[in-house]
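If you're matching positions, the sequence shown starts at 1 in our numbering and goes up one per residue.
Any given hint might turn out to be false.
What the hints assert, rightly or not - Straight-line Cα separation of at most 20 Å, SDA-like style, residue types lysine to any residue; simulated pairs:
{"hint": "1", "residue 1": "LYS129", "residue 2": "VAL100"}
{"hint": "2", "residue 1": "LYS129", "residue 2": "ALA67"}
{"hint": "3", "residue 1": "LYS97", "residue 2": "ALA67"}
{"hint": "4", "residue 1": "LYS97", "residue 2": "TYR151"}
{"hint": "5", "residue 1": "LYS129", "residue 2": "ALA150"}
{"hint": "6", "residue 1": "LYS97", "residue 2": "THR144"}
{"hint": "7", "residue 1": "LYS97", "residue 2": "ARG123"}
Said to hold, decoys possible - Now the in silico label distances, taken between C-beta atoms and shown as ranges:
{"hint": "8", "residue 1": "ASP32", "residue 2": "ASP120", "range": "40 to 46 Å"}
{"hint": "9", "residue 1": "GLY101", "residue 2": "THR244", "range": "34 to 40 Å"}
{"hint": "10", "residue 1": "THR95", "residue 2": "GLY130", "range": "16 to 22 Å"}
{"hint": "11", "residue 1": "GLN298", "residue 2": "GLU106", "range": "26 to 32 Å"}
Worth flagging that the hints you see were computed from the coordinates, not collected in a lab. Backbone N, C-alpha and C fix where the C-beta goes; we use that ideal spot for every residue, glycine too.
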Amino acid sequence: MRGKKRSTVSLVLGSGAARGLAHIGIIQYLTDGGYRIESIAGASMGALVGGIYAAGELDAYRSWVCALHLTDVLRFLDLSFSAGGLFKGDRIMDTLKEMVGEHLIEDLSIGYTAVATDIDRQREVWFSKGPLFDAIRASIAVPTVFTPHAYKGMTLVDGGLLNPVPIAPTFRDITDVTIAVNLNAQPRPRGQRPPGLQRLAAEPEQPDLRARIRQFLDSIGENLKPQARRDLGMLDLLSRSFETMQNAVAAAKLASYGPDVVINVPRDACGAHEFHRAREMIELGYLLAEEQMSLLDQQ
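Work the whole structure out from these sequences, hints included.
Structure, rendered in structure tokens:
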């Protein structure tokens with residue numbers, strides 16, 4: 001069956017912090033290729049990007065995030081001064097609401113499910129109705145980084161904690177193909193990268209600015225928790241620990257549910273907080289989608 005016949009898509013967008021910007025390029029490739037995305041299930045950044053796409057404002061978000069510089073990230077870090085997390089997340093949510101507008105999930109033009117984690121009951125929560133930004137805010141609440149989101153008596157945190165690649169919400173879909181995006185994949189050896197990926201990997205970075213922002217973030221964490229490991233940095237340690245757990249859970253979910261296509265974004269593509277590398281990650285997503293969908297077309 002060729003790709004043109006598999007025109008309708010259930011899209012599963014995984015969690016992975018700044019690597020989730022690759023979702024934008026993947027969606028762009030699918031729409032450019034004539035695929036019709038009929039439903040999206042997402043966790044964390046997958047819920048954010050997927051929700052904005054379902055609301056019809058992904059182009060605006062792409063333009064905004066591509067204009068971010070490294071130092072701009074600091075403007076959105078609103079310290080919470082509480083034990084629940086380093087940052088409140090209100091500034092980024094207010095910015096996105098102004099850009100996208102308020103929406104009810106049930107009024108969106110495509111099916112949408114955001115996955116969060118009820119930390120008290122230790123279970124997944126699926127948002128398939130209600131305010132879009134309640135769903136997004138709950139799903140992106142990375143433990144210790146963002147404060148939990150209180151909603152209908154629940155204390156909700158990042159959906160990637162229990163389900164970093166939420167395939168199950170698409171089981172009832174009647175579509176031609178289910179595509180899952182895993183943002184925690186194994187790094188690729190340089191010799192196995194497509195030409196475009198080799199070029200991206202060779203682009204110069206900004207080590208001085210990156211070191212400055214990481215030093216700032218780590219200094220916050222060290223002041224709040226003096227016992228944290230100083231050699232790695234508190235945020236780096238938390239981020240890498242969280243990703244290690246996500247890697248194991250994602251591998252189990254993908255093996256159990258077996259979507260038609262898996263687009264693997266290497267976990268070394270960028271750091272968790274490197275949102276200033278949006279253009280690079282979007283192009284990476286586009287290239288990886290092109291690579292995997294061309295294989296599907298050959299079947």
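Against the structure, the hints:
1. Between LYS129 and VAL100 the alpha-carbon distance is near 17 Å, which keeps this suggested pair within the 20 Å criterion.
2. A threshold of 20 Å between alpha carbons decides the hint, and for LYS129 with ALA67 the separation of about 32 Å lies outside it, so the pair is violated.
3. A hinted pair counts as satisfied when its Cα atoms are at most 20 Å apart, and LYS97 with ALA67 qualifies at roughly 18 Å.
4. For the proposed pair LYS97 and TYR151, the alpha carbon gap of about 18 Å is at most 20 Å, so the pair holds.
5. Distance hint between LYS129 and ALA150 is fulfilled; the C-alpha atoms sit about 16 Å from each other, no more than 20 Å.
6. Distance check on the hinted pair: LYS97 and THR144 sit about 23 Å apart at the alpha-carbon level, beyond 20 Å; violated.
7. For the proposed pair LYS97 and ARG123, the alpha carbon gap of about 28 Å is over 20 Å, so the pair is violated.
8. Look at ASP32 against ASP120: about 43 Å separates their beta carbons, and that is inside 40 to 46 Å.
9. About 37 Å separates the C-beta atoms of GLY101 and THR244, a value consistent with the hinted range of 34 to 40 Å.
10. The supplied range of 16 to 22 Å is met by THR95 and GLY130, whose beta-carbon atoms lie about 21 Å from each other.
11. Hint check: GLN298 to GLU106, Cβ distance near 38 Å, so the stated range 26 to 32 Å is violated.
Of the numbered hints stated above, those contradicted by the structure are hints 2, 6, 7 and 11, listed in ascending order.
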